[in-house]
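Given next are the chains, with one letter for each unit.
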Amino acid sequence: MQKEVVDSMAMKRALTRITYEIIEQNKGVRNVVLVGIKTRGVYLAERIAARLEQLEGAQIPVGELDITAFRDDQPKDDQAPSSYQLAFSVADKRVVLVDDVLYTGRTIRAALDALMGGGRPQSIALAVLVDRGHRELPIRADFIGKNIPTALQERIKVSVTEVDGRDGVEIIN
Amino acid sequence: MADRYLILEDGSAYLGEGFGSPAVSTGEIVFNTSMTGYQEIITNQIYHNQIIAFTQPTIGSYGINHDSYESILPTVKGVVVRDVASISTNRQRRWSLDQYLKQQNIPGISHIDTRHLAKQLRASGPMKASIVDVADAHAFDQLGATVLTNRQVAAVATPKPFPNPGTGLNVVVVDFGLKHGILRELSKRACNVTVLPYTATTDEIINLDPDGVILSTGPGKPQDLPESVLTMIQAIQKRVPLFAIGLGHELFAMANGATIIKLAPEHHGANHPIREVITNQIIYASQGQGFAVNPDSVDRDKMITTFVDLIDGTIQGLRLRDFPAFSVQFFPDGAPGPTETRDIFNEFVESMQQARGPMW
Chain A
10 MQKEVVDSMA MKRALTRITY EIIEQNKGVR NVVLVGIKTR GVYLAERIAA RLEQLEGAQI
70 PVGELDITAF RDDQPKDDQA PSSYQLAFSV ADKRVVLVDD VLYTGRTIRA ALDALMGGGR
130 PQSIALAVLV DRGHRELPIR ADFIGKNIPT ALQERIKVSV TEVDGRDGVE IIN
Chain B
122 MADRYLILED GSAYLGEGFG SPAVSTGEIV FNTSMTGYQE IITNQIYHNQ IIAFTQPTIG
182 SYGINHDSYE SILPTVKGVV VRDVASISTN RQRRWSLDQY LKQQNIPGIS HIDTRHLAKQ
242 LRASGPMKAS IVDVADAHAF DQLGATVLTN RQVAAVATPK PFPNPGTGLN VVVVDFGLKH
302 GILRELSKRA CNVTVLPYTA TTDEIINLDP DGVILSTGPG KPQDLPESVL TMIQAIQKRV
362 PLFAIGLGHE LFAMANGATI IKLAPEHHGA NHPIREVITN QIIYASQGQG FAVNPDSVDR
422 DKMITTFVDL IDGTIQGLRL RDFPAFSVQF FPDGAPGPTE TRDIFNEFVE SMQQARGPMW
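Line by line, the protein sequences are chains A and B. For the first sequence, the numbering used here gives the first residue as 10, with consecutive numbering after it. For the second sequence, the numbering used here gives the first residue as 122, with consecutive numbering after it.
If a hint is listed, it holds; no wrong ones were tucked in.
Here are a few chain A residues that sit away from chain B, every Cβ distance over 10 Å (derived from the structure): (1) N40; (2) D101; (3) K102; (4) V110; (5) L161; (6) S168; (7) T170; (8) R175.
Derived EDC-like pairs: lysine to aspartate or glutamate, alpha-carbon spacing no greater than 16 Å straight-line: (9) A:K21 - A:E55; (10) A:K36 - B:D422; (11) B:K423 - A:E33.
One side only, chain A facing chain B, incomplete, derived with CB under 8 Å: (12) M18; (13) K21; (14) R22; (15) T25; (16) R26; (17) T28; (18) Y29; (19) I32; (20) E33; (21) K36; (22) R60; (23) Q63; (24) L64; (25) I153.
The hints are simulated quantities; they were obtained by calculation from the structure and are not laboratory data. The C-beta atom is built at its ideal place from N, Cα and C for all residues, glycine as well.
Let the sequences and hints guide you as you build the complete structure.
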């Protein structure tokens, strides 16, 4: 059974609010860089960057992170990049990591490892479209689109137009 | 129907036919371009002590229903139309406009060339006007001698707190003459609302432990309100999410150092395109504003302009950079008018949820 819990309008609004909150927390956008976690996190990061540009007229760098090689729950994949991947340095930057769903926190732990080769960031914050709970690591998000309390056996599906042809969040069980 | 006159401060007179109450009345005349929604407009407290001229040629065709009141009692001083519908039909209709205005002791006048009147008012700005039986020198003398109050908010805002209970987030609405649409939208979102008078102090608000605060719409000039209102806003905006609407928006801007200008021509209608800056998307909104925030006075290190009117570039929304406090000049409750702007109430609710943290 599928149930849509966030429609395209609500998703747009959540990204808009997260953008304003990023400005609030960072006192502007100076030194801010966005890093999207593949796949959907990248598109969400790009949308936030587009909004920041509309408001502030500043181009915010957006990086893409593939965390496959840094995961702790899968055998090592030699194809996946295991060194620093971003085109820019994160040294002394205020990094905002962007992902679609925050669940156990293991993806974010891996993303932190993947970032660390790029110098010492001033700070790293986390923005997620959905926080579904059930953390297994001491990790929390700074910017949350929507808190969706879930049961363990349920799945959360985030769709973005760029990949899935539509925007929305569904609970599947 | 008796012959009556609409006379204006500048000496002009329009011959028309009376409807509604036969009373003689005086107020500031403004014109409204909405094609529908006359009931919401007549009952909107922002038009306290004003005479509303509708540019839509026929007004009253669907009567008055019990879903569309924006206040308990209307306080407008008159209704000016080209043509008042002699027959009104709608399944929700309870009364005709004529009956309603009679009940509320508000005079109406029809057969006015509202197109000419609107052009005149566009050039002159709002003026004092009267609906009278005889347009003689005495009537003009009386009109000229009438001093209109500048204490509109005190006249229409609630003198005492009252609740609008719900089971969800705790919201305090500071009442400057609110329209019911604000309470209606909060009710839909299950908010537990307390409405406080506009004289409420910071402590009175914070002691209610609100998850968020709304500064309501209201009539008149924001500069006429006491300085203490601005002090309250300056304190509240740092404590909880704040959403300011209409007059509330103008006060929010003033509390953050902006100045207010008189708008000419004024915006009263439901058809202005407005750009949301962050998404570059165009929305339509219902407006009723005689004042606007002076764009040159906005401190860009402190505030972001979030909405801009595409017709004359006036500021339609602001937001603080450092706190979840934002405002819109237009009526986001869409009563009457386009309903897409109601989404801003969702944004307010989500800001409150975000500020108070997850519930598990």
